[in-house]
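Enquirer: These are the residues of each chain, in order.
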Amino acid sequence: MSDVATRSDTADTYDRDAAARSALYALLARAFDNPDREFHAAATDGDLAREVDTYLERSSLSVERPRLETEQGYEELCGTYNRLFTLGHAEYTDRTDGSLESEGPPVPLYESKYRDVDWNAINVDLARAYEHFGLSVSSEERDHHDNLRLELEFAAYLARREAAGETDAARARRDFLDRHLDPFATALERRLEDVEATFYADLARLLERVVSSDSRDLRERYGASDHD
Amino acid sequence: MSSNDDPDDVSRRDFMKGVGVASVVGATGATIAQQGMNHLELVDDPIGSYPYRDWEDFYREEWDWDSIARSTHSVNCTGSCSWDVYVKNGQVWREQQANDYPRFDEDLPDPNPRGCQKGACYSDYVDAEQRVKYPLKRTGERGDGQWKRISWDEALREIAEHVINEVTEGRYDAISGFTPIPAMSPVSFASGTRLINLLGGVSHSFYDWYSDLPPGQPITWGHQTDNAESADWYNADYIIAWGSNVNVTRIPDAKYFLDAGYDGAKRVGIFSDYSQTAIHTDEWLSPNPGTDTALALGMARTIAEEGLYDEDHLKEQSDMPLLVRADTGKFLRASEVPGLGEDVDDPEKVMVMQDGEGELRIAPGSLGDREAKYDDSKSIELDFDPQLDVETEVTTTDGQVPVRSVWVNLNEELSNYTPEYVAEETGVGEQTHQKIAREFAEADAAKIIHGKGINDWYHNDLGNRAVQLLVTLTGHIGRNGTGVDHYVGQEKIWTFNGWKTLSFPTGSVRGVPTTLWTYFHGGILNNTDEDTRSKILKSVNEGWMPVYPEKREDGFRPEPTTMFVWRGNFFNQAKGNVAIEEVLWPKLDLVVDINFRLDSTALYADIVLPAASHYEKTDLNMTDMHTYVHPFTPAVEPLGEAKTDWQIFRELAAKIQEIAERRSIDSVQDRKFDREIDLQSVHDDYVRDWATGEEGALEDDEAAAEYILEHSEESNPEDGDHITFADTVEQPQRFEAAGDHWTSDLEDDKAYAPWKDFVQDKEPWPTFTGRQQYYIDHDWFLEYGEQLPTHKRPPEQQDQREYPLRYNTPHGRWSIHSTWRDSEKMLRLNRGEPVVFIHPDDAQRRGIEDGDRVEIYNDLSEIEAIAKIYPSSEPGTVRMWFAWEKYQFPNRENFNSLIPMYMKPTQLVQYPEDSGEHLHFFPNFWGPTGVNSDVRCDVRPKGGED
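Residue numbers (the numbering used here), protein chains in the order written: chain F, 1 to 228; chain U, 1 to 946.
Treat the hints with care, since some could be wrong.
Said to hold, decoys possible - Away from chain F, derived, C-beta distances all over 12 Å, residues of chain U:
hint: 1; residue: Ala33
hint: 2; residue: Glu41
hint: 3; residue: Asp237
hint: 4; residue: Thr395
hint: 5; residue: Glu413
hint: 6; residue: Thr561
hint: 7; residue: Glu661
hint: 8; residue: Glu917
Unchecked claim - According to the in silico footprint, chain F covers these stretches of chain U (three or more CB under 8 Å from chain F):
hint: 9; segment: 11-21
hint: 10; segment: 121-129
hint: 11; segment: 137-151
hint: 12; segment: 639-652
hint: 13; segment: 708-721
Since the hints were made in silico from the structure, they are not lab data. Note that this is a predicted model, so its numbers are computed, not measured. Every residue gets a Cβ at the ideal spot worked out from N, C-alpha and C, and that includes glycine.
With the rest of the complex left out, here is chain U (with noise of 0.2 Å):
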């Protein structure tokens, strides 16, 4: 802006925009006022042209809009909602749910609207005065909220330095990125993701280091989790929700529930609580916390012995005819019968069953009978009828042993679970749970709506399991309308391929079991119990599960050092947050928050960055509740100096590379991948697209969300029609199909439902035995006595005597984990701060009413909020829905504060031990989950005595 000393040499046009103000008036020289003048710009020159008129028209304007741009929500939200959002002025005004999810099947409800109070006020967040604005440095210690301003350059140049003096010196394994779920927004996933790739970096897991994976499903069936769509609950004639608040944590598919119940299905709740799905089921079992296992037991013994299970569906699609032998608890092997199994590939690794005519044969589909984990050029089809009720014994290389089927096996198992057994153990009545158990039997299409109130557990393996095993014992898998479905955390992305390439373009990918991750560099091995401590090093000793950075030759290990989060409050979300802050975070030299608010990561980090915010950037959205995608689309301009996470980490690709290319750092081997990281060409592999090789393709997001269209066989299939980026802003589009990795086809005109591979088809089910599988003959299984599922009381962390309430955080209504938890809106509609729900006896032993202001304490940690008296509580626990910010908490001690982390050793195994087929590590498919729910507390008056 220039500035003119003689006040008739400035030109009106520019005096209008502030030129030579300040001469006017006689300032002289460069003054504070000359650079107050630009963020309002002239349209055009108006003078003279508009007479002063009344401002009549203006709220008359206010339900006035220029353009509707389709949009969405979500990091962390699974819901996949399609909105329109209203623009005027270049600002958001408000959103709407779209309404043109195209139906599929005329027979289910309409799919329309989808969506929840929180997508209906996240134009708050666009317009929130708390958006992070422009980059920020920290100038205090972490935590402070000492931060100035620096310009992008300032910062990508800071973080480019840092990142390339890892690199130089070998420690590209010891930079992190953390970013949850793909499927909510691929693009934005991809983005810091292929950054980190391309650097030999670090890619963190998030579903089994949240708690959402649910072990039992890889152990059972092999496979990471798949579900049916929400729509086809309207096809069970019988649910249970068992453990997951669909009134709560499934708002936009709750309708499917409700309808279901309108056209004659019977629902079941089994919650400890009288939580706000079992108000709505037509039965409520309330089993003490903890032991679903032995309720899920003790339905499965009375299905057993009974008769009620499906022994068609046992005999071929499961492991019960499978021969266990009785000295070792191993299965028996083809390769330990003579004469048997010499038409397959490994018999060491083919189980044995024996026929009607008491033969022995082999089971098909058998590990060592298939070419891989997946193979669907074999059946387990049978052509002989394999006897459940063996216990016999057999002439193997070893002599005579004895050996007894699965099914013997598993009925002495259940036997344990008599119904008085089971009400002592759970609470619920020795005829409710009988009667339960007979009529999902006998019901059509059953199902099983599986929540994190079973899955964050210590033993959620051998919760999963049980729950997974009435399904399969009554033949209710692999037919729409039945299955257990676990929606927790999806990490299903329905265009994985795509997703994939982009994220990961080297192929060579540094991906570590989160938990274990930080359960290491946290500190807590080493206050561990022996038994665990020595499972953890053999695990990693055998290469089963990787921690980063690796050990070097010489045995030495380095620390982390760098960090970058986007898409997630790492810092505010972990288990054990005490020792990460303590331990974890010290070591970490730089850590790098990209966000559109200052969460608590945010505020512990050293660097942010401005996030463009959802309704400010183009990306994809899907989730396995539905079979669409529909897409983000920029209804505005990111708020002030905000950019998309895409455009930030090719920023940072470019900063890295110009500052390599002048200096002319050569490129580093990989030490683990025959591949070399090459810094001075970072920027442009960035924006290749390594499929086609094109140079400069990816330059912006939405070619990035092109790619990943394109390249993925549920949205281009060889033999259908190309979804494209435009398809989805005209209307949200279902899939053409279903890839590798999920279990069924998708079918035109049916509701999408996993296993039909398995099930329908007769593939070998990606289990060890080919088929559904209950007895785990791991050596570590076997030595915790868990081959079978069994129920085991949680383990206690806390002295029951000292901490007699459990402690217990489930999802809530008006958040979506740490986001809208600051929403005043949100915030208005329940009591506003940090609250925990407490049943009335144990406030009145505590002398606590409603709304006091009490402390949650226990060894680790004390934690301070307001009182709610909640009488569906049962005795004996204290809820406290998540995911409060720490700085919310006066003590800036949050919800995790009170929970330590702990890790079960038999989800650290591979299976079988030599080659992993059925269990090895992958990120999000297997490793340890960060469980929380074995936690004791008590609860005091403020200021009160223990």
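The shape of chain F in the complex, shown without the other chains (with noise of 0.2 Å):
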């Protein structure tokens, strides 16, 4: 099992424990968008489980991985996600008090949904970093900064630099987590074991997992933060 110790500051070879997070990242960015055939297969015949226990093993993250699994057909899961993630409906939360989810799905898949604190600020926030970091927003198919898509997508990438030898991605992805994904995953946990215990509560709990703990690894490695 690989950890930190295996990570090399050379430019030529991958610390594979900061390339393991990445993928784990990568593969909860795929996890969280529509489900396809194929990964509505890789859910069904254990292939999903087994990636993620790939990475596990490679990472040094402590991490028990939920079952992942789903009996659910194609379609059904189609309609699960949809209905979940990203049909609007307006939905009462709490009839006995009148209080309305005006907008969104039941449980939305973008941070701004779950944080006090307004869309523009969460966004520009986003933005900013992925444009500091050389990345922008697939112009073909556009959405917004804080899609829990992107920002898994942005983690993985700082991963990946800090696979690549670069500390300051690594610290990077340590203020990333602490400002945005921590927070977002802690709240997408919490919302979907409320609205129902399915394959996407598994997710969830992966998710996380993985994130607490890498975040938990990276203050220990760097301290708790450079900015407060």
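Since each chain comes alone in its own frame, lean on the hints to assemble the complex.
Expert: Encoded structure:
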């Protein structure tokens, strides 16, 4: 099992621990995107869980993998995904006091919906972070910067840069997780647990565990934060 | 994305893109992780060049931007306000009112800025997490909310296959397209309408369907509607806001109403409730609900009886001097009077007056004395003095016949509206309504802003006609600062010809009155009273009103099968929605909704296609509230896989053509029009500029917008400048001219005000008589006693003893119909969920307190809402400001579930019956209105007893 000790500081080889974390983030990015038949097959026959296990083994993260399998058929899984994450109905959240989740789906995949900060503040922060590291959102399929998939891709990207030997990228990831992905993942997991226990609740558990474990490790390595 | 088994072979740059990461950690083969790295793009190779820096400048840059685009909002908001949209990092961050409408009259208040609180938060929709981002196909029952993502190719193929089948089976007239109000985004309107026209399908009316059309205007003035732009309010000395809550529903224009007051105009509000506009007026009249007609006719009686009318205007411009046979109730025609009408084309359609010497004279400009409905070669100017007060006998081909002028008939009708009766019926004081009538008549320029409050009743035509009568009697029409301005769901598009030919390139149009279509296919026809039913059938059989699909030669009429809905929320907004859901909807094999959000229609559709939002598209925007055109321009790319409406329908046309060519599908002869429906050329036809014949010219949205501007008199007149799309992006442009569908010229330094062609230029009015026509001698009008405006109480849809409260659903402040009804910001500005406004007495009697959850019910349905105590209401009426989505109610019954569909037979006629120049079906010009105010209900605490 690889760990931080195997990290290389040379430019020609890659730190397997950081690369494994990058792969975990990338896998989660795909997993929280709309399911296609290939993904459904992986989530049905255990390939998804096995792939997660591979990355967890290669990383130094201490994460207990949830089950990560679904018995739902493909169309049913699509229905679950769209109902939970994408379709905007106004839903009553508490009929006793009439409070209303007026817009989005039950479990939106956008960080700003879970933070006590407005959309602009979250997205400006992320836009500048992506931009700072030379990334932009694909204009082919435009999405908001606080979309979970984009945040996970960004975490994966920073981890890749760490794997390639950049300590600064690891520190940036520490801050990014602290500022964005950690509270987002925690809130998402709670929301999904409230809504229903499904395959996606398992995925959210994995997400929360990976993020908090990665975050803990980064804080241990680099301190709590450079800017408080 | 490739993988590489040997980590050392992975280049740094590829590794940064995610290539080989899995293999670096020892995973082999195609992995899930490999698919998780493609939405963020690497702009350049930053390795080594960016030391990690502080994030300190992030918040500072929130108010910075990369670009500003000009756009606006609207599918269904007729405010037409130009906005600047601020973009940074490919996202919309905020919007701000553009402030550059050019002034055309320095004496009027500055037109800048325009906007409201809904527009100011539209970026929330653009950035919303509930946007429809990719094509969806239903996997559960309609409305279940079970969807799967499908590719554009799958979606278009499935729709194309269905459409091809319908067309080749001859059921092209079972394909319906519903989209409202073209002026607000004519390219988007034209997108689907153009394809449906090429397919031989059916285009639905909307102005009459939503009861926005004031039927009294085509009945009296022969014209759909024509309004002054709102700046003209400032030109009035006296303004009555009658059932038009301008402070709520006309926020960008309300300043003219307020400023007119500062300039000395008296402003009167006529509202049953002490509305948000009433509180700002000098005098508020509160008629009992449904009695506006009695109030207007009482005012008319005062004006007539006290000689406050404009006699010259009535003699030249109205039908008041025309003679009516007392024996038949029909107009006396020139053909019936020996020796009269020898110089006219069709003396049977020429009316008769009596001059000062007692001689009978023809009424010049009557239909039989002109070429067509509109004929500017004729004049109604008189060289004799027609008498108003005529009651005599004339010698006709039928012998001696007693006749009376319309004026005498009218005065007889008005004599019913004594001050005592008016006070008793309307609740407005005997002196009050007379005082307002006198002031109105004596003002130099007086105007009535006429709204939904009058127009939503079953007898809306009578209400319209009674209110119109006030401006005709007093001559307050055809000049600036006068008239009846009806601003509800404006049908009117300035660039008419460009829009029309873009939308209906074949010129062969299957238009349908949506109220009738829905009545027919929603099974309501079989549940209506026998008189209405027989008249509906007569209207359809006589060909006065069309219903599609057409009856086939063997007498069989197929059901509709297919519905496209875009820019609208048909399912949510339909009156009689219980019947629609239970009877009409199951008949449709395929419902396609094109939308940027999942509204109720989308939720109950089969396929939902993701549409670009207002900040992601190119289009034009205009309104009859003002005389400018300005654009939508794409500030950002459409979210996810969304596309513009024009692109969606163009690509659907391409898919249909592709399949048709592959299968060599023969063209189909249209059974009604002399044309063949050729599926093998439908895309080529879609993108061809039919005016020039240039192939492929209309591929993109901007080309379509340019087409509209180029082919319209208003933006490209023969003797004026050509407004291009680029001009509109630079600055909102005032139109160059008013084309034939307007009733006045557009003057450089004046606000637009209608009817000058007739009042000032003396062209015949486009009515049967060539004049403002208050007497309609159609058999059905005579049968119902409605030949003249008369007051009738609202029909009782529900038993008053069982359902003692009236139920009213006015336009609200916090939404534009159902749009913004789910906006969190807007919901936070009111109670945030369906809420019913109830008078304190009505609430107390039922044990209801403010904030209680209540049930509103009648014989049709039951809905749940929060009660708000509303002391400004009149007792006996509850109000639910619409238009909450179905899914915002616990039982998915919505505000419309309590409302039946009912239709007034007099709105189904053709007049004259044989030729219909005055009244004939034309979508949004003349057709039955879908009214909704004559409804009763009761309210109880949730869980309480009836």
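Enquirer: Confirm or reject each hint.
Expert: A quick look at each hint next to the structure:
1. Separation of Ala33 (chain U) from chain F is inadequate, the least Cβ-Cβ distance of about 4 Å not exceeding the 12 Å criterion.
2. Its beta-carbon lying about 5 Å from the closest one in chain F, Glu41 (chain U) breaks the requirement of being farther than 12 Å from that chain.
3. Consistency note on Asp237 (chain U): stated as away from chain F, and its beta-carbon is indeed over 12 Å from all of that chain's, at 45 Å minimum.
4. The beta carbon of Thr395 (chain U) sits about 72 Å from the closest Cβ of chain F, which is more than 12 Å, so the claim that it is off the interface holds.
5. Remark: the non-interface label on Glu413 (chain U) is consistent with the geometry, its nearest Cβ contact in chain F lying 50 Å away (cut-off 12 Å).
6. Every CB of chain F lies more than 12 Å from the CB of Thr561 (chain U), the least distance being 25 Å, so the non-interface label holds.
7. Glu661 (chain U), annotated as away from the interface, keeps every beta carbon of chain F farther than 12 Å; the closest lies near 29 Å.
8. Residue-level check passed: Glu917 (chain U) sits 49 Å from the nearest beta carbon of chain F, beyond 12 Å.
9. Counting residues of the segment 11-21 of chain U whose C-beta lies closer than 8 Å to any C-beta of chain F gives 5; at least three are required, and the coverage claim holds.
10. Only residues whose beta carbon comes within less than 8 Å of a beta carbon in chain F count, and the segment 121-129 of chain U has 4; three or more means the coverage holds.
11. Counting residues of the segment 137-151 of chain U whose C-beta lies closer than 8 Å to any C-beta of chain F gives 7; at least three are required, and the coverage claim holds.
12. Coverage of the segment 639-652 of chain U by chain F holds [criterion: at least 3 residues with CB-CB distance below 8 Å; count 3].
13. Coverage of the segment 708-721 of chain U by chain F is violated in this model, with 0 residues showing a Cβ closer than 8 Å to a Cβ of that chain against a need of three.
Hints 1, 2, 13 from the list above are not met by this structure, while the remaining hints are.
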